[in-house]
Amino acid sequence: MTEPIIQVENLTAGYNERKILQNISLDIYPNEIVVILGTSGCGKTTLLKHLIGLLTSKEGKVKLFGKDINNLYDKELIQIKKRIGVLFQNGALLNSITIAENIAIPLKRHYNLSQAVMDRIVHLKLSLVGLDHVYNFFPNELSGGMRKRAALARAISLDPQLFFVDEPGAGLDPVTAEALDKLLLSLKNQLGMTLVVVTHEVASIKRIADKICYLSKGNILFYDTLDKALKSDIPEINNFFNSAGR
Numbered sequence: 168m169t170e171p172i173i174q175v176e177n178l179t180a181g182y183n184e185r186k187i188l189q190n191i192s193l194d195i196y197p198n199e200i201v202v203i204l205g206t207s208g209c210g211k212t213t214l215l216k217h218l219i220g221l222l223t224s225k226e227g228k229v230k231l232f233g234k235d236i237n238n239l240y241d242k243e244l245i246q247i248k249k250r251i252g253v254l255f256q257n258g259a260l261l262n263s264i265t266i267a268e269n270i271a272i273p274l275k276r277h278y279n280l281s282q283a284v285m286d287r288i289v290h291l292k293l294s295l296v297g298l299d300h301v302y303n304f305f306p307n308e309l310s311g312g313m314r315k316r317a318a319l320a321r322a323i324s325l326d327p328q329l330f331f332v333d334e335p336g337a338g339l340d341p342v343t344a345e346a347l348d349k350l351l352l353s354l355k356n357q358l359g360m361t362l363v364v365v366t367h368e369v370a371s372i373k374r375i376a377d378k379i380c381y382l383s384k385g386n387i388l389f390y391d392t393l394d395k396a397l398k399s400d401i402p403e404i405n406n407f408f409n410s411a412g413r
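Heads up: the sequence shown begins at 168 in the working numbering, then just goes up one per residue.
Keep in mind that the hints were calculated from the coordinates and are not lab data. Worth double-checking, as some hints may not be accurate.
[Claimed, not checked] Calculated pairs, BS3-like style, for lysine-lysine (alpha carbon to alpha carbon, straight line, at most 27 Å): (1) K186 with K216; (2) K355 with K275; (3) K216 with K378; (4) K384 with K398; (5) K225 with K242; (6) K228 with K378; (7) K349 with K216; (8) K378 with K230; (9) K249 with K378; (10) K186 with K225; (11) K186 with K228; (12) K249 with K230; (13) K355 with K216; (14) K384 with K373; (15) K395 with K355; (16) K384 with K228; (17) K395 with K349; (18) K349 with K378; (19) K249 with K355; (20) K230 with K355; (21) K186 with K384; (22) K378 with K395; (23) K216 with K242; (24) K225 with K249; (25) K355 with K378; (26) K216 with K373; (27) K234 with K378; (28) K242 with K228; (29) K249 with K216; (30) K228 with K216; (31) K216 with K275.
[Stated by the list, open to error] Distance windows between CB atoms, simulated: (32) K384 with I264: 38 to 44 Å; (33) I264 with S310: 17 to 23 Å; (34) Y278 with E170: 25 to 31 Å; (35) L280 with H300: 20 to 26 Å; (36) E170 with L280: 29 to 35 Å; (37) F255 with K186: 24 to 30 Å; (38) I247 with N386: 24 to 30 Å; (39) K275 with N409: 45 to 51 Å; (40) K186 with S294: 44 to 50 Å.
Built from N, CA and C at the ideal position, the CB exists for glycine as well.
Using the sequences and the accompanying hints, generate a full structural model.
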């Protein structure tokens, strides 16, 4: 069997003395889309931040590509981070520079490329998300959906193997959110990425998920395929997918 691209082993985490996650263990395999979900306060964002390396675990391990990211030298960690991309909930674009300059940030940080080569890469990434025409625009000149796609272009600028997405549909209308989901699926197939997505949007989950990691009170209540999640007789999961108004 293919080795996991992400391994979480007995992760316990929190803030100060307050525990948020308790003994979390899961394996994520290449080319999967795993959606982390659960009700507010269950630890979704905390888990994502540990997977990305923004937080360090109190106990346990987080391994990316077989390496414990909490026990790497700076140079090793930089090499790991070059292989991952992150799409933040608000896009996190810098408003004072153009879309092209935003997308070039990771390229400038990690490689010594000529301006001509960077321009070609930026144009390519924008074309992949259907935004080649906004090269010289500023973020505040774009709609919410276009800003999200521009942020997506920046997040894939280094052709990541691992891609983390925080609430992709946040602030988007249903039609735009669905288009973004389809774009994520297309890019996943084109670039051969593994995706870890945090969302509470049931429609989005049903469109993109291969597996569901359902968190409840800091523990994994369920980790299996989307099909099994939809057929689950666990009351909390059944309620999540079938509650009125979702």
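Going down the list of hints, with the structure as the test:
1. K186 with K216: holds, 15 Å
2. K355 with K275: holds, 24 Å
3. K216 with K378: Between K216 and K378 the Cα gap is close to 19 Å, so the pair holds against 27 Å.
4. K384 with K398: holds, 22 Å
5. K225 with K242: holds, 23 Å
6. K228 with K378: holds, 21 Å
7. K349 with K216: Distance ~25 Å between K349 and K216 Cα, so the pair holds.
8. K378 with K230: Roughly 19 Å between the alpha carbons, so the hint for K378 and K230 holds.
9. K249 with K378: holds, 25 Å
10. K186 with K225: holds, 9 Å
11. K186 with K228: holds, 16 Å
12. K249 with K230: holds, 15 Å
13. K355 with K216: Cα-Cα ~21 Å, so holds.
14. K384 with K373: Within the cut-off at roughly 23 Å; holds.
15. K395 with K355: holds, 23 Å
16. K384 with K228: holds, 20 Å
17. K395 with K349: Roughly 22 Å separates the two Cα atoms, so the pair holds.
18. K349 with K378: holds, 17 Å
19. K249 with K355: holds, 17 Å
20. K230 with K355: holds, 21 Å
21. K186 with K384: holds, 10 Å
22. K378 with K395: holds, 9 Å
23. K216 with K242: holds, 20 Å
24. K225 with K249: This hinted pair holds, its Cα atoms lying about 25 Å apart.
25. K355 with K378: holds, 15 Å
26. K216 with K373: Between K216 and K373 the Cα gap is close to 24 Å, so the pair holds against 27 Å.
27. K234 with K378: Since the Cα atoms of K234 and K378 sit roughly 23 Å apart, the hinted pair holds (cutoff 27 Å).
28. K242 with K228: Judged against 27 Å, a Cα distance of about 19 Å means the pair holds.
29. K249 with K216: With a Cα-Cα distance of about 17 Å, the restraint between K249 and K216 holds, given a limit of 27 Å.
30. K228 with K216: Holds, at roughly 13 Å.
31. K216 with K275: Within the cut-off at roughly 24 Å; holds.
32. K384 with I264: 38 to 44 Å: holds, 42 Å
33. I264 with S310: 17 to 23 Å: holds, 19 Å
34. Y278 with E170: 25 to 31 Å: With a Cβ separation near 28 Å, Y278 and E170 satisfy 25 to 31 Å, so the hint holds.
35. L280 with H300: 20 to 26 Å: Given range 20 to 26 Å: holds, Cβ gap about 23 Å.
36. E170 with L280: 29 to 35 Å: holds, 32 Å
37. F255 with K186: 24 to 30 Å: holds, 25 Å
38. I247 with N386: 24 to 30 Å: holds, 27 Å
39. K275 with N409: 45 to 51 Å: holds, 48 Å
40. K186 with S294: 44 to 50 Å: The hinted range 44 to 50 Å holds for K186 and S294, with Cβ atoms some 45 Å apart.
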